[in-house]
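J.: Given next are the chains, with one letter for each unit.
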Amino acid sequence: MLRLFPPLAVVLLVGPVLAGLAGTLLPAFDYLPVLGHRAAGLQAWTQLLELPGLRTSVWLSLSTGLVTTILSVLLVVLLCAAWHGTRAFAAMEAWLAPLLSVPHVTVALGLAFLISPSGWIMRCLSPWLTGFSQPPDWRIIQDANGLSLMFGLIAKEAPFLLLMTLAALGQADGERGSVVARTFGYRPMIGWLKAVFPRVYPQIRLPVLAVLAYGVSVVDVAMVLAPTTPAPLAVRVVKMANDSDLNLRFIASAGAMLQCALVLGGVLFWWMLERTVRWWGNRWITTGWRGGRESIPRWIASVAGATLGLAVIFGLLAMAVWSVATHWRFPAAIPAGLTSANWKLHASGVTDAVWNTLSLAVCTTAFSLILSVGVLEFEAATGRRTALSKVGLLYVPLVLPQVAFLFGAQVLLALSRLDGEWIALAWLHLVFVFPYVFLALADAYRAWDERYRRTGLCLGASPLRVLLRIKLPMLLRPIAAAGAVGFAVSVGQYLPTLFAGAGRFPTLTTEAVALSAGGDLRSVGIYAMLQMALPLAAFALALAAPAWCFRHRRGMHVIR
Amino acid sequence: MNPAALELQQVTIELGARTLIAGLSLIVEPGQVVTLMGESGVGKSSLLAWMCGTMPEAFRASGRVLHGATDLSLLPPEDRRLGILFQDDLLFPHLSVGQNLAFALPAALRSRAERRTKVEGALDEAGLSGYADRDPATLSGGQRARVAVMRVLLSEPRALLLDEPFSKLDHATRQRFRQFVFDHLREARLPTLLVTHDPEDALAAAGMTLELPSVGSPQVH
Amino acid sequence: MSTPVHLRILGALFRRFLSLGVLAILGLTGLPPVRAADTNSWTATLAEAQGQTVYWNAWGGDDRVNAYIAWAGVEAKKRFRIEVRHVKLGDTAEAVSRVLAEKAAGKDVRGSVDLIWINGENFSAMKQHGLLHGPFVDRLPNFRWVDTDNKPTLVDFTVPAEGLEAPWSMGQFVFLRESRRVPDPPRSAAALLAWAKVNPGRFNYPQPPDFTGTTFLKQVLLELAQDRSALCRPVEEAQFAEISAPLWDYLDELHPVMWRNGRVFPANGPAQTRQLADGEIDIALSFSPEAASSAIESGQLPDSVRTFVWKGGTIANASFLAIPFNSRAKSGAMVLIDFLLSPEAQARKADPRHLGSLTVLDVDKLSPADQAIFKALPKGKATLSPEELGTPLPEPHPYWMDRLEKQWLTRYAAGR
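Chains as they are written, first to last, in our numbering: chain A, 1 to 560; chain L, 1 to 221; chain X, 1 to 416.
Careful, some of the hints might be misleading.
As the list claims (entries may be wrong) - Quick list of in silico lysine-lysine cross-link-like pairs, BS3-like style, CA-CA up to 25 Å:
hint	chain 1	residue 1	chain 2	residue 2
1	X	K107	A	K239
2	X	K127	X	K103
3	A	K239	X	K127
4	A	K239	X	K103
Claimed, not checked - For each label pair, taking beta carbons as the anchor points, the in silico distance ranges come out as:
hint	chain 1	residue 1	chain 2	residue 2	range
5	X	S304	A	A320	57 to 65 Å
6	A	R417	X	H354	32 to 40 Å
7	X	V74	A	R417	26 to 34 Å
8	L	D124	A	A544	31 to 39 Å
9	X	A194	A	A94	43 to 51 Å
10	X	K365	A	P335	44 to 52 Å
11	X	E237	A	R55	18 to 26 Å
12	X	R233	A	W343	48 to 56 Å
13	A	D449	L	P199	24 to 32 Å
In short, the hints are calculated from the structure, not lab data.
We put the CB at the ideal spot given by N, CA and C, even for glycine.
Please put together the full structure from these sequences, using the hints given.
T.: In structure tokens, the structure reads:
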């Protein structure tokens, strides 16, 4: 029974990805029999290369991904080196998970309103300081170099990397490594960099690559913050794939393949960068240099971290305010009045979206949890790692650009008459939810003391009883946490919902993205609030439920 | 549980090319304690895991473990009913003291009242009357260790396996607890296999002591 | 709204499951599926529509339109037991491409789109590829109220509708201004350029291929073109370059004095309305003459916003409702369309307190009672009277839309 789980997981996970890739690759070479194209050729590629502004789009995608990744990693390294082990750091850790649970596009919407020339910051400073009675004509968001896009991405990706780093630090015993380095006379930051970071990095490499891939091929955030003359490649590919001119689909397929190549190129660049840094770092570590004054980098880390954190928080707050505003005109710092009318106006549309979002998130998360427990139990029983966790198969859906296989998956779904069916949509969500759930659960699951199982068995309990009565209850906390992660991932999915849902299952995220392009900020605010509230509620539940169940069990409060 | 002897026949345990235990045979009579001594890594714990049927797949083993005429090596772990105690008490942290004990009671004992009585009796015996609803995390190390022993005994094991159960306790507690364990296993007439690297334990067990050779030599084919 | 959402959805799922079973049986027995168009009377259609779920694919970027569609859904449920689901599109082309893909994949029944709000190039594409059900418009009882003489309700961007789509809404291109900053509006292409030069950074238009943005291009071209009649049909490449040249010259001059120097454009009409509300710009565009009034009504725009048009007239068109060939709820869609054409539904749509867009009906044809409803509708303070709206100009042929969009992309959206 258990042995069925790993292959099932692989098929469910990799199946749609591979099939989708094929479904994208073939049309890229002009092969799509259902549209009467059978001649394998390079026509789509020639047309793709002739697209106006393609070079700019490509450059925009690449630079966004690389700069976002480099700056996020730098920031995380600086923050950890400067503050790891302090009380302030522990306090920040508590904020990370909720911050992460907010979907990308919600954060982007909040940031866009915060920093735009008619945004909240400018409203607060005008006209008394700036003298502006109308917003200045400054190109802050959607700037040609994608800086605002990078800012929005870093605000979301740096916390993700930080969380991954913290997990790795726990495993690598980072705190004691840091202490040892300091007893040799190393300054704290240099000590951390030299003694701890090299051990931590290999463990966060895959998450870093996932960030890189996401940055290169992001669509939803780009629709809010990226320039449009022209837009980054992935945005253009999605638009072409949805055009009424079916011939554009072939170009879109070629574009999706180009998108893959971009990610590959980005990864290659990263790999070279890694090697360079490692070569140089290995020499640096052994120079014996113990560091000097650290107040400046410490200061930079704090300011950068705080700026990002505050920007995200205030952006979200602004969305909350908008959702209850009567009207709020430049340069007023606060709305003219508060009302619940906006919520009433949207009540019916919102309930549908909430229901779709919830049903998808709950079902895919629950299924992912069962699948993860099954695979992990198999691993525990056999003492072997499955292909799933060994060769990074889990990261395939996270690293591969979504457009590259969702597009093909859509064609296949249409062929199998599954498009627009709930089950197809749920499956595609699963492809993205399962890896996160598995990764979030695996460490705690593997760290569980096997002797409890032996004790249970020797006391005469069957393996199933041990699993249900001992192991799973003891692991309730990590299971709930992994569930919350999966839930948040599902809520945040944009492209899979768009491609597989045939528009029939509007979720909070698809509605928010659709509205973000134009809608009244009061409506955008409502969807942003709900989009934020659902994952936050899930996280709160994940914290509260085990805490309540085990309120009289001190032994369950210790994080093992 | 009818008292019978625990017997190992020609037990060999290998990890890759290394032989940890080669052809070990011994008999433990009811109420008797046999002590296995050896440095860490010689395969003491693997032997106990194999006896319980919970050895990781990376190891290979041959031989038999018998209780009287019953060949335990043919049974799944939960049916072997070999009670085991580790150096940690391993009380289930999500269950109360009483639930921990009730978990071990055989399911055949149906009546709630009877189960309750059994649990309370065990607690009385451990000097922990009225502790049934307590959170195990609020007990002292010595108290927890005694609960762990009572939990094993309630599961009505055929034999007892002790995997350095005294090593984590402080000196004074250790002596008292050792006495507690040995008294109970003799009273229950349980054949007991004690694994340790502390000569004092072996002395207190007052039974046969076997010294396991340090790390088996690689097998030559 | 009385039934909880989950029950409604369960019900819908159950019905879908049932209809699946029916289809399977039909498939097994080799009978062709019953086509709504083949059955005779409207009563039969009404009966068949009961219990159907209509997935109405309509652009979802405007809250008031969304609210109106939601209202229609509630009414359809009450009156005809039809379940209406609004599939909110970012761009109507998404739905067109979906139906096209379904046809390509051989999905001739149980398509995912039942009703589509459409006009122009999207209608032209669907008609050309045979993706539409019908003609069905003649069968709608309420179609007799439609003004087919004075409103472009039978021709869609020069392409004959031929009963494949029912007119639903009238639009005319108008400009919105913040009257406190633009007291004397620029009423022609040349005047707009001159105004923009004096007020740099205070005007923009949605980025083509957005509908409103492309209409601005067409509007300017109509005004500047030497020969307007050439815009009624496709032309040769050389001719296109020659005829469109004045437009590009105009834009080359306008962009540098536009908002963000013409490097960033709002994504669509509502996004531009938002910018007008935020004070980022002083003049915005809309295809709904009532847009300013109803945005003032909803509190989005300050009540100092007014509407104006160009002296030479502005583009007017109708938008339509069509049913894809593979819809699984054709009867339901037809009944819903008929309801949307009813004087009651059209009056609510014309009411600036709800949506405020021009009706496709000929009010004079209606019963006195219905006429009274229309007459009693309040007129928004920012709405122009029919006389003030001036001459409606016909839409150019869809060819021009397509070519102008492509050319615009090459010229202005190709980056450095």
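J.: The structure should be examined with respect to each hint, and the outcome stated for every one.
T.: Hints versus structure:
1. For a cut-off of 25 Å, the pair hint linking X/K107 to A/K239 stands: about 23 Å separates their Cα positions.
2. Proposed proximity of X/K127 and X/K103 is supported: the alpha carbons are some 13 Å apart, at most 25 Å.
3. Between A/K239 and X/K127 the alpha-carbon distance is near 22 Å, which keeps this suggested pair within the 25 Å criterion.
4. Between the alpha carbons of A/K239 and X/K103 the distance comes to roughly 20 Å, so the proposed pair stays at or under 25 Å and holds.
5. Taken as a hint, the range 57 to 65 Å is violated for the pair X/S304 and A/A320, whose Cβ atoms sit roughly 28 Å apart.
6. Take A/R417 and X/H354: their Cβ atoms lie about 39 Å apart, and the range 32 to 40 Å holds.
7. Range check, X/V74 to A/R417: Cβ separation about 31 Å, and the 26 to 34 Å hint holds.
8. In this structure, L/D124 and A/A544 meet the distance hint of 31 to 39 Å, their C-beta atoms being roughly 38 Å apart.
9. Our hint of 43 to 51 Å for X/A194 and A/A94 is violated, since their Cβ atoms are close to 59 Å apart.
10. Taking 44 to 52 Å as the suggested C-beta distance range, the pair X/K365 and A/P335 conforms, at roughly 46 Å.
11. For X/E237 and A/R55, the hinted distance range of 18 to 26 Å is satisfied, since their beta carbons lie about 25 Å from each other.
12. X/R233 and A/W343 have their C-beta atoms about 50 Å apart, which keeps the hinted 48 to 56 Å range intact.
13. Evaluation of the 24 to 32 Å hint for A/D449 and L/P199 yields a pass: the beta carbon distance comes to about 28 Å.
In this structure, the hints that do not hold are numbers 5, 9, in rising order.
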